[in-house]
Structures are given as C-alpha cells and as structure tokens.
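Visitor: Given next are the chains, with one letter for each unit.
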Amino acid sequence: MGTVIYGRILQMKKNYKTYLMMFILPIIFSYVFLYSGTDNSKIKIPVADQDETVLTKQFIYEMNQSESYKMVIMENNEVLRLVEEGSVQLGIILPKGFANQVANGEETTIQLVTIKDTSDIISFQSVLASTFQKMIGKYQITNTALLAFQQIGEDINMSSLEQRFSQLLNEKWEHAMPMEVVSTILDEKTSFEYDPRLQTPFGFMLFFSMYTVIYSIGEMLNDRKYGIWDRLIHSPLSKLQIYMGNFVYSFMVSFIQIALIILTGRFLLGFNFGDNIWIVFSIIALYIFAIMALGMLLVSFVKTTQQLQAIVPIIAVSNAMLGGAYWPIEIVTSKILLTISKFVPITYAMKAVKDAVLYHQGWDALVLPGSTLLFIGIILMGLGMYWIERKVA
Amino acid sequence: MKILEAIELKKIYKKNVAVKGISFHLNQGEILGFLGPNGAGKTTTISMIASLIPPTKGDILLNGKTILTNPKPLRKILGVVPQEIALYPELTALENLRFFGKIYGLKGNKLEKRVEKVLEIVGLEERAKEKIEHYSGGMKRRINIGAALLHQPEILIMDEPTVGIDPQSRNHILDTVKKLAENGMTILYTSHYMEEVEYLCDRIYIMDAGAIIAEGTKNELKAIVSKNDRIVMKIDRYDKEFDSALKSIPEVEGVTFNNEMFTIIYKKGSNLLGNIFRLAEEYQINILSIDVKTPSLEDVFLQLTGRGLRD
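Protein chains in written order, with the numbering used here: chain Z, 51 to 443; chain A, 8 to 318.
If you are wondering where the hints come from, they were derived from the structure by calculation, not from laboratory data.
Be aware that a few hints might be false.
As the list claims (entries may be wrong) - A few chain A residues that face chain Z, going by a derived Cβ cut-off under 10 angstroms, partial list only:
(1) 31
(2) 34
(3) 59
(4) 83
(5) 90
(6) 98
(7) 109
(8) 112
(9) 115
(10) 116
(11) 120
(12) 124
(13) 155
(14) 282
(15) 286
To be verified - Within a straight-line C-alpha distance of at most 20 angstroms, the following computed DMTMM-like cross-link-like pairs (lysine to aspartate or glutamate) qualify:
(16) A/79 with Z/280
(17) A/117 with A/140
(18) Z/275 with A/140
Predicted model only: the values in this text are computed from it and were never measured.
The C-beta atom is built at its ideal place from N, Cα and C for all residues, glycine as well.
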C-alpha cells in the first residue's frame, strides 16, 4: 500500500504546479463567492440626502442595519436616472428641512421615487416606516432627557451628554426593549436559519472537493492506460493493497484541500466555523469516503480519463445543486428534487455541517448524516469494485 | 525440467474464443518462443499465465502446483515485460525503476544496487535521470524490460518487446535476452518477427487463431517444410489474377504477397521457374528479382496456414 502512495506522491511532485492550483484556487473561490454573495444579498437603494444633517445620516445608518437593504448615497439626478432606467426598482430622497421637521414635531416627508408599485416596494415601505419610527423614538427620548437635565439646572456639558446618551441608546436599544415581538410561522418545516458565511464556503468547499476526490481516484485509469496497473497486479502486492493505496492517497489529497480551506477561513480570514472543528473534520472525512466511492463507480463505467473528465463536471454540478451546496436546500420546494437529493452525499454533509455549526448539536449532528454517508459509500464502493473486477475478467 | 505448465488453457470473451484450450510447458533455463501473427492469442495466453486474467477453463502449474487458486508463489518469481510501455512518462528512468523495485519489496541499499545493475544491463546508466517522455522508442523499450528485471525473476515473460523500434535498439534487446538466458533465467518470448524467434529460442510454439498449430525446436519445425523450397520474387505491380494463377500451380504449397514481394513455397525438385516466367509474360508482369531460398519458420507458418505471419 505504501508503495502505491509513494508512486502517487512522486507523480504529485512532478506535477506540483497543478496540485498547488488545486489547493489554492478552491480557497480563493470559496471566499470570493462568499464576499460577492454577501454583498449581493442586499438590495441596493439609491438615496439623495438633500438635508445633509446629523439626523439624515443617522437615518441612513439605521436603514443600513437592515438585513435586506443597503443605502447608496448619490445626487438627486442620479437617483431619478437609475429609477427611470429601471436599474433599480426605487430610490429615496430625504428633502431639505427633514431634520427641522422632525425636531419641530411636524409631519415629515420622505420621497419614494418609483415607476410602479410592486410587493417589493410595499415591503421596503414597511422597513422604512419601522426604521423611521425607531429613530424618532430614540431622538425623542434623547431630547426629553436633555430637556429634563436643562430644567433641573444640572451643570453639565449638554453637547457631550447628548452624544453619550445617543451612543448608549444605540448600544442598549435592543436589550432595553421591554417587549419583543417574535413572528412565528406555523409550519416549522419551512423555517430555517440561513448564514451565508457558512453556506458559501462549506458549499463550495464540498463542491470543489468532488473534483479532487474523483480525479485522484481516476488516476487508476491512467495506470490502466499505461499498463502500470498490470505491473502492479502481477507483483506480490495484493489487490486490496493496490486499491487501499489509491484510496488513502485520494483521501489525503482531498482532506488536505478541504482542511486548508477551513483553516484559511478560520485563522487568516477570521471566520468562525463553530467550536466543534473536530466534528466538522469528521463529517468531511465521511463525505470524502462517499465521494471516493462515487468516483470508483464512475471509474468502473468509463475507459479513459478523458471520459471521466467529461462526466465529472455534470455529476459535481448537479450534486451541488441538488444537495444544497449552491443554495440552502430548505428553499427547494419541489418534491421530486427533494427526493433525488436524498441520494446525493453532499446533502448529508451540508446538513451535518449546519447542524454542528449553526445549531450547535455537537456529535449528535454526525450520527444520522454520517451513517448515511458511510452507507452510501459502502454501497457505491462495492458496486464500483465489483464492476471494475468484472470488466477485467 | 518443467518449471511452468499450461494445461488445456481456454479463454472465452462473451462469444469470442480467444484461446482454444492450448497446452504447453516451459523448461527451466530455456528460451521458449511463441510465434504467431497479431491476434493469434499470444497476449491473452501470457495474461493468463501472469495471473492478470483468469482462464475460462484449464490449469496453470508452477513446479507441479496450480497457481490459479494462489498466484503469490508465481508472482514472486515472475517478471513480465508487457507489449506496451508500462512506465510513468513524467518520471525519470531512475524514479520508475525505484518505484517498480519497491513494489517487489526492495528497499534501501539493495534497491539502489539493483537499480544500478538493471541500468547497466539495459545500457542506460548515463540517461537514467531523464524523464521517460523524453526517451526514444528504443530507450523506452529497454527501461520497460529493466523494470521487469529488478527483483531478479526466475521466469521472464516478454510480450513482443521489440515492436516499433530501430534496428540498433532491437539488436541490443536481443543480445540482452541472450545474456539473461545464459545467466540461468527462463524466458518465454512472444513475437511475430520470425527472425527474432529463430535467433533466440530453443523451442518454439506457433500459434494461430487461438490454437497452437505446431511445436518443436527450430530444426523440428523446419523439417515440416524440408520437402519444400521457397522462391522470393520482386515484381513491378500486384495483379490479383497473377496471384491466383501462381496458387493454382499443382506443385505450389503456399503463396503470400508482402512489400512488393511474392513468397512461394513449392515441392522440392519441381521445375517451377519455367511456370513462373510463363505466367509473368501472360499477365504482363515484370519480374525485378527472383531468389530461391531454403525454408524458414515463416515458411512453416505459410505452409500450415496458407498465410504469412504479417498478413
């Protein structure tokens, strides 16, 4: 077994540039997709701030705290142009005198620029109204407190008090709320937690590693092509040793690739994949085994590495789509797709990772998905080896 | 003494019978030749002996014991030189030899010494650090042989080891095979080159269409055609009717046409030349050269099958 691994490592040394790319590119892409994905997940809203006061800036800041919208400040004409062009659905204009109106308790106007009403606009209006209410609430509390200090004649610096008061209010607002309204959807199955900082790197990591696992297993096809497989067979090495050598090599390369993605995220980019890193690595190990088995099955069907290279992208992309690597599987509603996803290893790996990291389930997260991955692996490996041996005989 | 014996070996792929129940044996220290055209079943036979593929029927005995249930004792003493270049092209000759040495359990100083020795045998010591992909065809073939010699096998099977190489490399390989046999190695050599088998082998099996059609020493086989003579004739153009007319001469035993040359096997003592010149005139064929030769192994094959080895 060791000799087969030695041979593979010799080949790896000769093709070190390819392997370097194989290790580095998935790291880059996993996190590039994450950053681009996070940014794109917010709808951009152009804002023209004609008043340019502390209050309007505070309002824009509050709006940016929403999970769905990102305010982009620009000139009035630019806002109108973008809406007219249809580049954005809507824009907002904070008119001159906005802060004064608020200070005097007058009716305040925020102009909403849009071409047609859609459900998205109604939803935005709701966020806008609640943010405005929240901000006004804070503003009035601050002003009332300052007025109280003035009336009892306290000798303090009003400006710094206002600043500190406002700052504390921002920090403590959520905790100070006496009551919180929580919306609960009756059908719990449709409720799920989505964290793009977990979904993207893990999804892409599992997706990219499929290529590495299957191509490294596919090295056996090159051995057949060059007649090296026959040399190994009529040597004193047993078939089990030859297969195990290939499996261990494939496992090593794939595991290193995935570990590098996780460790880079954790130690260089500051991502927190949860405290249970060993659970994550165990899930990854079982996932690699299942994909290795899938690789063996594919190797048993094809004759050349070229044929394998033609099949693998189709398998990898469809697996990633079905198994929830590209997007959360919870948003998929088609019963057919959900049924097919049950036969895809990536589904179980993503589920186990989410359960472990997002829902903090500990080792329990590993039990069901892990045993399913093991089961899939054993079945596919058995079939793959059986067909390969049958083909040879 | 029989070291390896095949009994009624048969291999069937679906409906295709590749080897039709052949029996043969290999004596200790001899060079045994398997002569036959491409597709005769030589490689399939070798693959069964090397335990790469199981026979559909029959048995293979090593020193009287079957190796079908336990091929390990054979694998330890067997070296196989495959027909294709079974080497990692991106690795150097040295790295390839080290790798193949390791699969036979060689390591450390012993491995290095064997690699050095093998490089000396195949005459590539000075090019050992070059990648195989940069080697010429002949050099690749020599390292291909070297990889099978690392563990000093008692039996060496060589499957067409000189296909597609230059005459200089071929001569080097043939000399190497001779030297290996002189040092006590038992060799099974397959080829469709009659001259190689005739030069190297003590005993010869002639195979065609999955069956052994003749066996014996060179002289025993040539005796099959001892009552015949051979004419090799070069002509300016091929004419199918002329070919048929030659075959219809009663004294002619076989006719083949290859590389503008007719080879005609005929009964010794017949006055064939007169008939040939008459037919050439009749079919307006110009004879460029004509030569009467004593029979070779190729003629044996021609006599037995009616076809040439390279048809």
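Visitor: Which numbered hints turn out to be false for this structure?
Guide: Going through the list in order, the structure violates hints 1, 2, 9, 10, 11, 12, 14, 15, 17 and respects the others.
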